[in-house]
Amino acid sequence: MQVWTSIFFLIFFLLLGLAAYKSYNKNRSSQEFIFAGLNIGAVLGFLTFAAALFSAFTFMGMPDFFRNHGAGAWTFLALSDGFMVFFMLWFAYRLRKKAKVLGYQGIAGMVSKAYGNKWAGYLMFFSAFVFLIPYVSIQIRGISIFLEASYPGVIPFWGWAVGLAVIMLIYSEIGGMKAIIYSDAIQALLLLLVIWIIGAVCLSKTGGLSNTFLKLADIKPELLHTPGPSGLFTTQFLIASAISIVLIPVTQPQFTTRLVMMKDLSSVHKMCYAVGFFAILVILPTAFIGFYGAINYPDANTSDFLTNALLHDQLPFVAALAVVGLFAACLSTTNAQIFALGTELRSLINSGTDQSKMRITKIALAVFTLIVLIFSSVMSNELALLAKVSFTGTSMVAPVVFGAILYEKPSKNLLYLSLVCLFVFIASLLNLIPSMIVGWRLDILLYVVLAVGFVASHFHIKNS
Amino acid sequence: MVFLVLVISVSYYGLSINHQRLQPEILNMPFEFWYGILITAILVVITFISKFIFPFKDE
Chain A
309 MQVWTSIFFL
319 IFFLLLGLAA
329 YKSYNKNRSS
339 QEFIFAGLNI
349 GAVLGFLTFA
359 AALFSAFTFM
369 GMPDFFRNHG
379 AGAWTFLALS
389 DGFMVFFMLW
399 FAYRLRKKAK
409 VLGYQGIAGM
419 VSKAYGNKWA
429 GYLMFFSAFV
439 FLIPYVSIQI
449 RGISIFLEAS
459 YPGVIPFWGW
469 AVGLAVIMLI
479 YSEIGGMKAI
489 IYSDAIQALL
499 LLLVIWIIGA
509 VCLSKTGGLS
519 NTFLKLADIK
529 PELLHTPGPS
539 GLFTTQFLIA
549 SAISIVLIPV
559 TQPQFTTRLV
569 MMKDLSSVHK
579 MCYAVGFFAI
589 LVILPTAFIG
599 FYGAINYPDA
609 NTSDFLTNAL
619 LHDQLPFVAA
629 LAVVGLFAAC
639 LSTTNAQIFA
649 LGTELRSLIN
659 SGTDQSKMRI
669 TKIALAVFTL
679 IVLIFSSVMS
689 NELALLAKVS
699 FTGTSMVAPV
709 VFGAILYEKP
719 SKNLLYLSLV
729 CLFVFIASLL
739 NLIPSMIVGW
749 RLDILLYVVL
759 AVGFVASHFH
769 IKNS
Chain B
4 MVFLVLVISV
14 SYYGLSINHQ
24 RLQPEILNMP
34 FEFWYGILIT
44 AILVVITFIS
54 KFIFPFKDE
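These protein sequence lines are chains A and B, in that order. Under this note's numbering, residues 309 to 772 are what the first sequence spells out, in order. Under this note's numbering, residues 4 to 62 are what the second sequence spells out, in order.
Everything labelled a hint here was simulated from the structure, so no lab data went into it. Take these hints with a grain of salt, some might be off.
Below, in silico cross-link-like pairs of lysine to aspartate or glutamate (DMTMM-like), each with a Cα-Cα straight-line distance of 20 Å or less [to be verified]:
| no. | chain 1 | residue 1 | chain 2 | residue 2 |
| --- | --- | --- | --- | --- |
| 1 | A | Lys405 | A | Asp572 |
| 2 | A | Lys523 | B | Glu28 |
| 3 | A | Lys528 | B | Glu28 |
| 4 | A | Lys330 | A | Glu481 |
| 5 | A | Lys670 | A | Asp526 |
| 6 | A | Lys578 | B | Asp61 |
| 7 | A | Lys513 | A | Asp612 |
| 8 | A | Lys513 | A | Asp526 |
| 9 | A | Lys426 | A | Glu716 |
| 10 | A | Lys405 | A | Glu716 |
| 11 | A | Lys513 | A | Asp607 |
| 12 | A | Lys523 | A | Asp621 |
| 13 | A | Lys513 | A | Asp621 |
| 14 | A | Lys571 | B | Asp61 |
| 15 | A | Lys523 | A | Asp607 |
| 16 | B | Lys54 | A | Asp572 |
| 17 | A | Lys528 | A | Glu456 |
| 18 | B | Lys60 | A | Asp572 |
| 19 | A | Lys408 | A | Asp572 |
| 20 | A | Lys408 | B | Asp61 |
| 21 | A | Lys571 | A | Asp607 |
| 22 | A | Lys405 | B | Asp61 |
| 23 | A | Lys421 | A | Asp662 |
| 24 | A | Lys408 | A | Glu716 |
Here are some, though not all, of the chain A residues that point toward chain B, as calculated from beta-carbon distances under 8 Å [claimed, not checked]:
| no. | residue |
| --- | --- |
| 25 | Gly380 |
| 26 | Thr383 |
| 27 | Leu387 |
| 28 | Leu517 |
| 29 | Ser538 |
| 30 | Thr542 |
| 31 | Gly584 |
| 32 | Ile588 |
Glycine included, every Cβ here is placed at the ideal spot set by N, Cα and C.
Start from the sequences, fold in the hints, and give me the full structure.
Here it is, written out as structure tokens:
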């Protein structure tokens with residue numbers, strides 16, 4: 309298996325190097341470095357969006373979610389993605405329209421301009437920083453622990469983490485957004501190929517689709533319906549998850565940037581349904597892997613289950629592909645997120661030359677990578693649930709973005725509303741306030757408050 | 004289309020899940036699983052159709 313892994317890694321790194329080399333241009337502007345010339349077509353746009361969206365969380369978190377919580381995991385992620393791509397048709401149009409009026413350097417900068425208030429931009433950056441850094445860190449930690457378990461005694465987990473971060477930093481600093489887009493395209497296709505091979509193998513080992521469900525019904529019938537064996541997938545949980553996932557392109561800067569930098573609205577719309585189709589294709593095999601785990605490794609911990617299902621139970625070349633595919637999946641999502649944080653920081657800088665802004669962006673990328681590495685050594689291992697926390701946390705500032713794209717003069721009350729809800733949510737994560745209030749999840753209640761506040765603000769603007 | 008998606012979401016979350024319902028099955032697949040896949044596919048098809056009837060263009 310190690311020979312296969314070395315061969316696949318070599319091919320992968322050669323392709324990454326080629327992407328960085330092709331994208332490098334000594335005299336490029338910071339706009340070119342960060343937005344790839346704002347001329348991305350439907351196919352590359354779809355692949356880069358899909359690679360940023362489907363990450364190590366999909367590859368490792370979703371099989372484990374299906375294994376532990378059953379069929380409802382489909383509703384949790386895939387169905388929510390279906391709603392998200394439909395919503396993106398409209399959102400992308402409004403965002404791009406406003407971006408043309410105000411100019412787009414990053415969502416934080418655009419929001420600052422729309423509200424005429426630099427604190428609006430700081431709020432956007434703060435929410436992205438607070439919730440993306442732990443999300444990136446947990447992915448790097450997850451893949452590093454997996455790789456350490458796959459090759460015991462070869463490289464420690466922190467060695468894999470540093471390696472991943474250094475590779476990510478080198479090719480994004482050399483090639484900028486264009487290199488990231490090319491590498492995303494490679495990684496998205498690799499992810500799809502690998503996950504289907506492993507999913508198909510797992511499905512055949514459990515005796516095919518029909519037998520898999522018969523076995524699950526025998527072993528643990530609670531896996532076949534919501535809320536699942538531990539009662540996680542309540543209707544409230546699934547609705548809150550759907551709302552937070554639908555709002556991902558609104559508040560997570562790596563996605564808003566991708567929507568703006570595509571060449572025209574038609575390309576964006578093609579990308580929307582392509583991502584929806586890709587979501588079905590990618591998540592379905594994770595269900596097969598998860599159900600295989602529920603039948604064969606019901607009591608194993610996450611790391612043992614994944615190491616067995618993805619590596620030890622596969623043919624050597626498939627296992628090697630899985631290692632490289634996981635590495636690629638983690639790389640594409642983490643570099644998209646860290647690059648987006650750098651872009652957001654740059655969009656808040658109003659003074660200085662283009663070259664100095666680009667220098668600051670590059671330094672910021674290195675600093676964010678270092679912070680992520682430090683975080684990854686102290687995080688917990690709850691990949692899927694931390695992903696949901698990240699989606700929910702950033703979604704608290706969605707009214708700020710909606711205000712910015714919908715109104716010429718948005719109400720500053722939206723800033724206060726989002727700020728309060730964001731801190732209430734953070735307080736609940738720190739156990740300072742309960743996460744359930746009289747039988748209702750706090751995130752659902754916060755969404756109701758945000759929605760009512762937004763409608764009130766709408767009528768206030770209309771009447772004034 | 005927006006109305007259709009709203010109806011789908013209300014009926015799905017309100018009526019179709021969390022009733023511990025397994026029937027009807029398809030290839031032994033429990034109701035919630037295949038129905039979830041079907042609804043997701045319908046949403047993608049709606050998105051595809053909506054691309055052609057979307058009333059606004061890039062300005």
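Problem - Structure versus earlier hints, numbers of those that do not hold, lowest first - result: 5, 17, 21, 29
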